[in-house]
Amino acid sequence: KSSGRIVIGVNISSTVVHIIRSIKKGNAITIFAKILEGLYNKNKQVSFLLIPHDFRSLKGKLSDVDAANGIFGMLPEKVKEHSKAVQPPLSAAEIKEICGKLDFALSGRMHMSIACLGQGTPVVSIPYQRKFEGLLKHFKLKGMIIEPKDAVNPQKFIKLFLPLVTNRKNIRKKIKARLPHIMKLAKSNFK
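The opening position of the sequence shown corresponds to residue 1 in the working numbering, with each subsequent residue numbered one higher.
Think of the hints as simulated: they come from the structure by calculation, not from any bench. Note that beta-carbon positions come from the ideal geometry of N, C-alpha and C, so glycine has one too. Hints should not be assumed to be uniformly reliable.
[Claimed, not checked] DSS-like, lysine-lysine: derived pairs with alpha carbons at most 30 Å apart:
id, residue 1, residue 2
1, K140, K96
2, K24, K78
3, K131, K80
4, K169, K137
5, K140, K169
6, K191, K169
7, K1, K142
8, K169, K84
9, K156, K61
10, K84, K101
11, K156, K34
12, K44, K1
13, K1, K173
14, K34, K142
15, K1, K96
16, K80, K24
17, K174, K184
[Stated by the list, open to error] Pair by pair, the computed Cβ-Cβ distance ranges are:
id, residue 1, residue 2, range
18, H138, S2, 29 to 35 Å
19, I182, K44, 31 to 37 Å
20, A92, K44, 31 to 37 Å
21, P76, P180, 38 to 44 Å
22, N27, A177, 39 to 45 Å
Make a model of the complete structure from these sequences and hints.
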């Protein structure tokens, strides 16, 4: 980041991997590696930080750590040299701190999306439940969700995602302007 690169955090959950496998009979890890390579080819200033959020080992399922390492391993060298897969263990506070340092994020987990927004970082979510829409509605953000059916097509994904990255500074301002209201709503849950 200190060299002026656009740092994009990427969290692909096991749930998203499973959903994508059910939509397109193919390897979700390969699809996301192609997406990141395509984003890099469109903007050579991007760097990727692959961030697992759930460190549990899932019997018979790909974990967040497996997904992050798998995607990183499939990236071409030209992209790898500007990318990193974060290794566990990390606390929730450490993940939140990392989210605050990102320029933009892509998340397949609700808690990762919350961590990003709570730090003022724009995040595009790949939903597995409708609660993602509710979260973004609190921040009055539109167009920040990419449905799994669109995530299986790297070209379509890039077409939806890249303009948001380009507009990241304006989106960050909107998030920061809404944060005091969101914090007030959160605190009211404890009254």
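Practice task
List in ascending order the numbers of the hints, as given earlier, that are violated by the structure.
Solution key: Of the numbered hints, 3, 6 do not hold.
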